[in-house]
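Chemist: Protein sequence lines correspond, in order, to chains A and B.
My numbering applies: residue 1 is where the first sequence begins, and numbers increase by one.
My numbering applies: residue 1 is where the second sequence begins, and numbers increase by one.
Treat the hints as calculated values from the structure; they're not laboratory data.
Heads up, some of the hints might be wrong.
[Said to hold, decoys possible] Chain B is faced by these chain A residues, among others (derived, beta-carbon under 7 Å):
| no. | residue |
| --- | --- |
| 1 | THR58 |
| 2 | ASP96 |
| 3 | ASN114 |
| 4 | LEU152 |
| 5 | ILE193 |
Just so we're clear, the structure is a prediction, and the values are computed from it rather than from any experiment.
We treat Cβ as the ideally placed atom computed from N, Cα and C, and that holds for glycine.
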Amino acid sequence: MTRAKVTAPGLKRRLGWAGLLAWATLGLPGISAADDVNSTGLAVTEDTVKVGILHSITGTMAISETGSVQAEKLAIEQINAQGGVLGRKIEYIQEDGASDWPTFAEKARKLLVNDKVATVFGCWTSASRKAVLPVFEQYNGMLYYPTFYEGLEQSPNVIYTGQEATQQILASIDWVVKEKGAKTFYLLGSDYIWPRTSNKIARKHIEKKGLKVVGEEYYPLGHTQFNSVINKIKLRKPDVIFASVVGGSNVAFYKQLKAAGIDLTKEKPLLLTISVTEDEILGIGGENVEGAYASMKYFQSLDNPNNEAFVKAFKERWGDDIVIGDVTQAAYLGPWLWKAAVEKAGSFDVDKIREVFPGIELKTAPEGYVRIHENHHLWSKARIGQAQKDGQYKVVYETEDLMEPDPFPEGYK
Amino acid sequence: MKTTPSASSLMSRENLYFLVLAALLLLVFPVLLDAFRLNLVGKYLTYAFVAVGLVLCWGKGGILSLGQGVFFGLGGYCMAMFLKLEASSPEATASQSTPGIPDFMDWNQVTELPWFWQPFHSFSFTLIAVVMVPVILAFIIGVAMFKRRVGGVYFAIITQAIAAILTILIIGQQGFTGGANGITDLRTLMGWDIRSNEAKTVLYFVTSGLLLACVLLARHVLGSKLGRILVAMRDQEDRVRFSGYDVASFKVFVFCLAAALSGIGGALFTLQVGFMSPSFVGIVPSIEMVIFCAVGGRHSLLGAVYGALLVNAAKTGFSESFPELWLYAMGALFIAVVLAFPNGIAGLYQRYLMPLEKKMLGGLGKAANTRPTAAARRMEETP
Chain A
1 MTRAKVTAPG LKRRLGWAGL LAWATLGLPG ISAADDVNST GLAVTEDTVK
51 VGILHSITGT MAISETGSVQ AEKLAIEQIN AQGGVLGRKI EYIQEDGASD
101 WPTFAEKARK LLVNDKVATV FGCWTSASRK AVLPVFEQYN GMLYYPTFYE
151 GLEQSPNVIY TGQEATQQIL ASIDWVVKEK GAKTFYLLGS DYIWPRTSNK
201 IARKHIEKKG LKVVGEEYYP LGHTQFNSVI NKIKLRKPDV IFASVVGGSN
251 VAFYKQLKAA GIDLTKEKPL LLTISVTEDE ILGIGGENVE GAYASMKYFQ
301 SLDNPNNEAF VKAFKERWGD DIVIGDVTQA AYLGPWLWKA AVEKAGSFDV
351 DKIREVFPGI ELKTAPEGYV RIHENHHLWS KARIGQAQKD GQYKVVYETE
401 DLMEPDPFPE GYK
Chain B
1 MKTTPSASSL MSRENLYFLV LAALLLLVFP VLLDAFRLNL VGKYLTYAFV
51 AVGLVLCWGK GGILSLGQGV FFGLGGYCMA MFLKLEASSP EATASQSTPG
101 IPDFMDWNQV TELPWFWQPF HSFSFTLIAV VMVPVILAFI IGVAMFKRRV
151 GGVYFAIITQ AIAAILTILI IGQQGFTGGA NGITDLRTLM GWDIRSNEAK
201 TVLYFVTSGL LLACVLLARH VLGSKLGRIL VAMRDQEDRV RFSGYDVASF
251 KVFVFCLAAA LSGIGGALFT LQVGFMSPSF VGIVPSIEMV IFCAVGGRHS
301 LLGAVYGALL VNAAKTGFSE SFPELWLYAM GALFIAVVLA FPNGIAGLYQ
351 RYLMPLEKKM LGGLGKAANT RPTAAARRME ETP
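Using the sequences and the accompanying hints, generate a full structural model.
Modeler: The following block contains the structure:
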């Protein structure tokens, strides 16, 4: 690990030395213990450990990332209330990525080099993750990344707590084919890497079953005119609209669908989305998206004791009107997985933690049981929910077994 | 400024300011800052290239471009393409279905390196392209606009539209450009690891040196007859035209020069940050760059450098100390600049510090006494 050369010691550093001195005079035997759990100079003392939170809390991504920040803080507070990690209270340093990718890289460097945080929970868009990746690899940090994403990546310095594309897509297409008798599909998405990759995986899977894709289209981020594609959909009458439109475009898309007379509750065509969580429905309006199906691994309405406790705690901490989407739950897993790994490794050292990752499990996850795969993604169940008028999803299907994460599906290697 | 003695004292004074900046960049910062902060300053300085270019074309030439991010981005992309090809050697990308091409092409089922990527295997071509690609685009835009006497607000709007178009183009063609993620994970420059602290320090000095050279070049341009014509054009375009000058050609020239500077800044940015993405090409970064220049003082080359440094340092500082509130602090700073000191830091300096300096130094002679007021008047005239 490279250390920054420090010519003019900062205040924090000096305080650190003063603290160390005071503490050393009080109880020398502690030194060896601290070395055992932290041989790489991370910000770990006898009673505290520093971690980083790195999300956009300003800029266009702030709406999406706020939920993740809240979930991570909640998890950290709960862990602290239970006595912390290896007997140390977690202190977080929060930085703002400001929806700007170089800022993410800059802040990641600051967290790893200046603050020496033990781990970082953060990022949301693929672009921000790609920007910080070289920084985490260079300084051997560890990032817990919460968003469902396109896959095609497997870094030794990232744990992906969301679904990668195949986990979200394969089971849901099997389901519409089996349960709804779907034969034709219309693929529609925002124009960037995640929808494009997802639709490629979807198309492959659909065609392998001998079924047909009758249209595939992309619109720029922020696009608000979907009338022409809606007309095409009416003309070609697909059984399923497979939608991966993201962000603000969703509001226009679902309103225009409804205005064009396509009632999603009639399921002709049926709409299956992989991008609309409870958070997005807040903006779209439950009445506009009612009847649509979503494939995710978590819905706020999941009926299990873990989730009940989680939703209750989340509302107590952040307010009653809050909704919890898929990514928020995945972000909540980060601190808990990290705690489990640290305790199994008996150390905060990133290298030692990496060795124990495969097989780390979480039985208390709101989504149910999850386990870390050798490829740093999570084994988790795929679920399908149907959007209700009140903005929640009703779970209509979940896979029996955990789905294996496969970030490099056939044809992408 | 009519008499030679005052002109020569002006030169020496400007030389002094230049030396102060040089000392600050080459001595003070490297001694006082740790590697991480020094690298940040290096990044800020790459924006200063754009700001210096804006002083030339906006402050002096009166051409407000809201699309300088386009040229910054093109320079940056040229460098990124070279670095990405180096990082995508057949050995390093052996696990792809087509080894030897950048990873994002492989994901997008591109099986062959596109023709416009081919020349970027060569470093010397890349260096030329970093300057020439922005210049050629600026030339085309400039000829198309200025020959038709499109100027002022209309020109600003068109440059902004070009910034939007280029962003959409880059994001849409993700198989060839890396899309919204940009070109990431750049590691080495001709085998030299650009991610190490040593490399970042070297790159900092290269950036500082080039920036100082660019400031000198810009000063030379402004000091020449050409510079006078630019200012004359800004203030009374028709008179210059009626005097027989081909106004459009001068405008095209200064716009191209500003584009070249931006391109160099972009290439250095890519080297220091390690990636390039469409988020530096669009409208928002382009307007930010104008703000750097405005905060520093759009009439002053050195002011622009300080403006870029100050705004970016404030951005980093505020956002570290108040992650939830920092945008308000930035907004307040910009409003303060527009309302209270429209000529930026340079204007403030001329107005308040120079008279103080004058008092303290007292008897430096008449030349020094008359000049600041003249300069202050010059600063306050609005184009």
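Chemist: Does each hint hold? Answer for all of them.
Modeler: Taking the hints in turn, this is what the structure says about them:
Nearest Cβ of chain B to the Cβ of THR58 of chain A: about 5 Å, under the 7 Å cut. The hint holds. Annotation: interface hint on ASP96 of chain A holds; nearest CB of chain B at approximately 4 Å, less than 7 Å. For ASN114 of chain A, the interface hint holds, the least distance from its beta-carbon to any beta-carbon of chain B being 6 Å, beneath 7 Å. Annotation: LEU152 of chain A was flagged as interfacial toward chain B, and the flag holds, the nearest CB pair being 5 Å apart, inside 7 Å.
Taking 7 Å as the C-beta cut-off, the interface hint given for ILE193 of chain A holds, the closest approach to chain B being about 5 Å.
Of the hints listed earlier, there is not a single one the structure fails to meet.
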